[in-house]
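S.K.: Listed below, chain by chain, are the residues.
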Amino acid sequence: MTPVVGIVANPVSARDIRRVVANAANLQVTDRANILLRVLAALRACGVAEVLMMPEKGGIRGHVERGVARARAHGEDPYPAIHPVAMPVTGTVEDTHRATRAMRQAGVSAIVVLGGDGTHRAVAAQCGAVPIAGISTGTNNAFPDHREPTITGLATGLAVTGRVPPHIAFAGNKRIDVAINGETPSEIALVDVALVAERYIGARALWRTENFRELYVTFADPEVIGMSAIAGLLEPVTRGESGGLMVRLSPAGQTSPPSGPRPGGTILRAPIAPGMMAAVGVTDWRRMPAGVPFVPEVEAGTIALDGERELSFTARDRLSLTLRDDAFRTVNVSGCMRHAAENRLLTGTPVPVSADL
Amino acid sequence: MSRKISMKQAINEALDLEMRRDPTVIVMGEDIVGGTGAHGEADAWGGVLGVTKGLHAKHGDRLMDTPLSESAYIGAAIGAAACGLRPVAELMFMDFMGVCFDQIFNQAAKFRYMFGGKAETPVVIRGMVGAGFRAAAQHSQMLTPLFTHIPGLKVVCPSNAYDAKGLLIQAIRDNDPVIFCEHKNLYGMECEVPAESYAIPFGEANVLRDGDDVTIVSYGLTVHRAMAAADALARERVEAEVIDLRTLSPIDWDSIVESVERTGRLVVVDEAHPRCNLATDIAAYVGQHAFGALKAGVQMVTAPHTPVPFAPSLEDLYVPSAEAIAAAALRTLAPTGTTPRSIAA
Amino acid sequence: MTENPFPLSKDDLLRAYRTMRTIREFEERLHVDFAKGDIPGFVHLYAGEEACATGIMMHLNDNDRIASTHRGHGHCIAKGVDVHAMMAEIYGRSTGACRGKGGSMHIADLSKGMMGANGILGAGAPLICGAALAAKVRGDRGVGITFVGDGASNQGTFLESLNLAAVWNLPVVFVVENNGYAESTAMEWAVSCDSYVDRATGFGMPGVTVDGTDFFAVHEAAGEIIRRAREGGGPALLECNMVRFYGHFEGDAQTYRAKGEVEALRASRDCLVMLGERVIEAGVIARAELQAIDGEVAALIEDAVRAAKAAPLPAAGDLLTDVYVAY
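Residue numbers (our numbering), protein chains in the order written: chain E, 1 to 357; chain F, 1001 to 1345; chain G, 2001 to 2327.
Hints were generated in silico from the structure; no laboratory data involved.
These figures come from a predicted structure and were not determined experimentally.
Misleading hints may appear alongside valid ones.
DSSO-like cross-link-like pairs, simulated, lysine-lysine; straight-line CA separation at most 27 Å [to be verified]:
#1 F:LYS1118 with G:LYS2112
#2 G:LYS2309 with F:LYS1118
#3 E:LYS57 with G:LYS2309
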């Protein structure tokens, strides 16, 4: 049986207020469709004949279908057959959840995800053991690598067709489970959980650093932007090592608050959004070992997952955060491509030169 | 002080004087400065035919080039007018009205009435009208009847530099939207114009020549053809009274009726197409209000019911000629059932 | 009462709720009275979309201008136009906001910065560019907001205005009220570029999409965008995804909508209910306080209808006033 690959392409990532409060990019729908066509061509080149795709009403599918039809009109057939998941489209994150569940049940070998950290989180929440191949089309995007999607498609194709052995093709990833009032887990985060003082969801994005209180990250990378950068600029923690980092934050420059958070011992300037360097008051930080529940000190506020405010909590709510190693799998693109090169996976037998020439 | 200047200069002067007088006056349009964002001369064009040349040096950013985007900037001029400015927007060729007419006839023209008298829209839309410039079908029309039809719009079409200056100053000061039609073939025509500021009230026709035998009513370029016809008629001992309407809405009915009641004969000349134009409008009004005074049927001299042709030989046939106007006047004088003489104008 | 966790004071939250409730009550009442045949002409209701107008307008003052749409009652109320004057206008009475000469589709109050509802789709966009230009020329820090539906976003006037506002760097915010339907035609079909953020990007300005049924989301995003425009940062586009509780116009049988669609939207995405529940849940406002507002608003609308019905019709002579009459 040839492997089937799932495709979740979020048409509405990178649409939030960071285009105004910061200078975040907007990847246009036509560009998302072009990325998808590149991925599809790479998958097909590796022998993937069918993909299962999340339906959406954001316009990606129409552009992709146009691209496929145009290739066919040229007499070419460079793409796998595209099957939409049979499901209603609500235009909410529930579409991603539902499509991912359906793909898992259909036995896809991997799911290619186009979106930001939020889209990847939604897929990771439902994908079980199915590996994710992430492509960044969001705003902050600490989780998916920034690379040419054709390569991600090639690596995924090589991985799911078994030409790269699984121990090289796939890698384990950390996540943080957020339990609210004992429900485990109520929410997950792939990169960071931030607890902020403001208690409304509003326009979701995080940028008011004076409200930042506590930060928990699965990896602390000084080369990304967003909350992970704050941790990364203090004490880098790689994706591959066990455990993460917990940082306590306070309003920058505040020295003697009558009550509330302690003053920041350190003022850190961190790129918290595209083009946005902000002063963040850092009280202290510590390693966050895997499997150890952390109970926040913040009594009330909002939980932001991977950079977006998601839910408010009050003093009545009991919060617990636990980092899990090896919680879900991703396609190791670097590993796959290195293996492909070392083993000449993309090198065919030379075509003999015809005597007629 | 009075000196001879062209209509183009007179319009420039009116804009200059009003911008000096009133800081809320702004001027916008395609290429009215010219070369904005390009690397050549500043104020490169001053309008496609140079009407606004030099104003940018005097008034800076109050003269604004616009994108080629008539709906947007004509609408913006209207919106700014509703918010207290007195914008003068140049539409270049009035033919371009087709792409922005909604903003004029559905928005600007209606605000005051539709909002119960609580809004004013003191905007002036300037643009070129008229044939004879070899500009062909989409840059030559006399669309004045279209604008005159719309309640809430005031429509002006001067025939000379003196009137153009006074009427434009009045238009800028008027609190209603004004469509200011400039005949491109009159731009270079000079006459005595005072250097100082003056306003010519709307709704006051100008009697250019007195006469008791026949009344000739016109506006714009054809006023000059009517005057030439009157000169020719005078040589035949026919004294024509020539009335220049100057503004089409409001219109000076009293001057027309008073003249017709004296002469008993009427020729109406309109460069617009023959159906539902100023000529038919005036003929109908006189028929209703001065029928008893008429000694002959009203004669109408208009452009034909065709688009404006390009070939110079055809275009010269298109615009009403002095000969046609004189012939029409003679028809009003001819006993019923006879063929009038033709004369050379 | 606990500490207020919201970015608005309690008074402002109450004001927001009152505005949204007033719009809802106004529209629900028109729906009933129109069906009875009491109201002449065309009426387009804003019910379900209240969070958008309210969340945006709370950042504006009378010096800021808005250009509205055919579905303009909500914009009028949120911008502070007198409810009695509005109701009288819709009833065609001489006490109306436009003395009975405008009607539902043309309510305006320039003293409040409300430049008119508009019967021509997309026509408000150029006008608001002019309003913003006037503010810029005067240097009074005013901003202009134009509302456009997903349908009218296809009008050339709208697209031209995006370009003009960007070229002139005008303090304009283009609000796309995306309720999914251009009259009866689906947005997904009629808008070739499915993302309004893409359209904004195409004209060189930022675009932001928010859940237009979430008052706090609209309020926060609009606040940032309006502040940016006020500070000289230039135009931006805000897409509010929202839901329409009624048809395109009153009398529309809405046979193009899926069975149960409206009921489901009312149950799950009622912006007024969501706002009320959240402020109650947070312990900032008591249910009784909201109920008291509900009662006051109901009385206000009842009085507005009573006054409108009792008000004199325009006099015959009014036919010929407020315009230059050539004849």
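S.K.: Which numbered hints are broken by the structure, listed smallest first?
M.R.: 3
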